[in-house]
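2 protein chains.
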Amino acid sequence: MAATRKRTAGKNLKPVPPRRGPTPRGVEAKPSLPARGRRKRAGDAGGGELDAVAYASAFVRDVKDFPKPGIVFKDITPLLADPRAFQGIIDTFAQRFVGERIDAVLAIESRGFIFGAPLAARLNAAFVPVRKAGKLPYATDRVSYALEYGTAEVEVHTDALRRGARVIIVDDLMATGGTAAAARELAKRQGAQVVAFAFVIELEFLGGRKLLEPTPLVSLIKF
Amino acid sequence: MAATRKRTAGKNLKPVPPRRGPTPRGVEAKPSLPARGRRKRAGDAGGGELDAVAYASAFVRDVKDFPKPGIVFKDITPLLADPRAFQGIIDTFAQRFVGERIDAVLAIESRGFIFGAPLAARLNAAFVPVRKAGKLPYATDRVSYALEYGTAEVEVHTDALRRGARVIIVDDLMATGGTAAAARELAKRQGAQVVAFAFVIELEFLGGRKLLEPTPLVSLIKF
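Top to bottom, those sequences are chains A and B. Positions in the first sequence are counted from 1; adding 61 to them yields this note's numbering. Positions in the second sequence are counted from 1; adding 61 to them yields this note's numbering.
Among these hints, one or two may not hold up.
Said to hold, decoys possible - SDA-like cross-link-like pairs, simulated, lysine to any residue; straight-line CA separation at most 25 Å:
1) B:193 / A:199
2) B:125 / A:202
3) A:283 / A:265
4) B:196 / A:214
5) B:193 / B:205
6) A:196 / B:239
7) A:135 / A:242
8) A:196 / A:251
9) B:196 / A:128
10) A:196 / B:157
11) A:193 / B:196
12) A:193 / B:128
13) A:193 / A:208
14) A:193 / B:124
15) B:135 / B:162
16) B:196 / A:237
17) B:283 / B:157
18) A:135 / A:213
19) A:193 / A:210
20) A:193 / B:206
Everything labelled a hint here was simulated from the structure, so no lab data went into it.
Take these sequences, add in the hints, and give me the full structure.
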């Protein structure tokens, strides 16, 4: 994924993201180069797409011991604070799904809303919120899924999707895949066709991808 | 606001929103007219802007007794489900703020994310989430505000904004204005300049606008 990963100091980003491994191709990152001075190199493998994701990936910040001791949290707020990084992610998803006649973007509360809403707008699709139990005001359908300890529930309005609607399910991060699988179940119960999952970040070592088979899955930044 | 309010049956919208008062100008709404068949009339006062908001306003659904008995909740999910309505709101905000050098869009969890994120993308601005206490992983600043009973708190990351940044604060709905005022306080503590508040819906009868003076305030749909 990170064949051209660089670390570039964005104007709005104060904390420089920590290095996560050596710089590829032996090219040393130049933290003093302002983002606006950076140019896309013609001939990059994958064109602008890979480049946008590689650029954005440097803005994911590790926060240790959140939400509890021993967990390293992938903080996307520095990525959101850099307009080029944020829009690079949206653009990449849009390029993947434009022309696939996506009727609706199901986004999972609440960080999923941050990527799902601009993507729905870009695709001229409906935006459908999937929320934790008790948050949606109208008649809802509900699915439970397993957590490390106990269970949680997500809901969608019963009139959210029409039969045969082509939908994608969006979230910021896939860990075990439990929430996303529950969202898929909710969509299927309304007769919708889940075209794909779209995640900004995939925690590959947790193996959540398995749970979401055979639905196609797009993830941009992998750890 | 609703000088040209119409009720148009969107393709993706199954429940027709309830009428809230007489149709202006004596023009009877035509629920059977498909959205795609609707044309903007040349010469409408206010051009496309007013028209877009009037169109979107018909998709706000009243849900009685949510979240508790006696409350009428303004449900925006039918609006989000109609791509034209949703994008009409984003477009209208964008037209208001483009060219004002907005550096960042502060959006209030979690429905504020749904409008704030596409708007940030449209304005080429940073997206900064304001969240309930305990949700943001990195170092945070926190402001309390009064609720009907007791208090609540919102947080922002301490490195979210640079001094002098021009920001707008976005939420789906303004009721008493307490959360928005707290978000403004968070922004000011980081030295940012709050250019305006932007709300999709304003509940005028609650008088929240007073609390937010003298910051300019844009609200599109008023009840």
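Structure-based check of all given hints:
For a cut-off of 25 Å, the pair hint linking residue 193 of chain B to residue 199 of chain A stands: about 23 Å separates their Cα positions. With a C-alpha separation of about 18 Å, the suggested pairing of residue 125 of chain B with residue 202 of chain A holds against the 25 Å cut-off. Of the pairs offered as hints, the one joining residue 283 of chain A and residue 265 of chain A holds, with about 6 Å between alpha carbons and a cut-off of 25 Å not exceeded. Under the criterion of a C-alpha separation no larger than 25 Å, the hint pairing residue 196 of chain B with residue 214 of chain A is consistent with the structure, at around 18 Å.
About 10 Å separates the Cα atoms of residue 193 of chain B and residue 205 of chain B, which keeps this hinted pair within 25 Å; it holds. About 20 Å separates the Cα atoms of residue 196 of chain A and residue 239 of chain B, which keeps this hinted pair within 25 Å; it holds. Of the pairs offered as hints, the one joining residue 135 of chain A and residue 242 of chain A holds, with about 21 Å between alpha carbons and a cut-off of 25 Å not exceeded. Taken as a hint, the residue 196 of chain A and residue 251 of chain A pair is honoured in the structure, with Cα atoms around 19 Å apart against an allowance of 25 Å.
Of the pairs offered as hints, the one joining residue 196 of chain B and residue 128 of chain A holds, with about 8 Å between alpha carbons and a cut-off of 25 Å not exceeded. Restraint check for residue 196 of chain A and residue 157 of chain B: the C-alpha separation of about 31 Å exceeds 25 Å, so the hint is violated. For the hint pairing residue 193 of chain A with residue 196 of chain B, the CA-to-CA distance comes to about 15 Å; that is within 25 Å, so the pair holds. Distance check on the hinted pair: residue 193 of chain A and residue 128 of chain B sit about 14 Å apart at the alpha-carbon level, within 25 Å; holds.
As the CA atoms of residue 193 of chain A and residue 208 of chain A are separated by approximately 13 Å, the hinted pair is consistent with the 25 Å bound. Restraint check for residue 193 of chain A and residue 124 of chain B: satisfied, since their Cα atoms lie roughly 18 Å apart, inside the 25 Å limit. With a C-alpha separation of about 32 Å, the suggested pair residue 135 of chain B and residue 162 of chain B falls outside the 25 Å cut-off, and the hint is violated. For the suggested pair residue 196 of chain B and residue 237 of chain A, the alpha carbons sit about 20 Å apart, so the restraint of at most 25 Å is met.
A threshold of 25 Å between alpha carbons decides the hint, and for residue 283 of chain B with residue 157 of chain B the separation of about 17 Å falls inside it, so the pair holds. For the hint linking residue 135 of chain A to residue 213 of chain A, the alpha-carbon distance of about 21 Å falls within 25 Å, and the restraint holds. Between residue 193 of chain A and residue 210 of chain A the CA atoms are separated by roughly 17 Å; this keeps the pair inside 25 Å, and the hint holds. Of the pairs offered as hints, the one joining residue 193 of chain A and residue 206 of chain B holds, with about 24 Å between alpha carbons and a cut-off of 25 Å not exceeded.
The structure fails hints 10, 15 (numbered hints given earlier, in ascending order).
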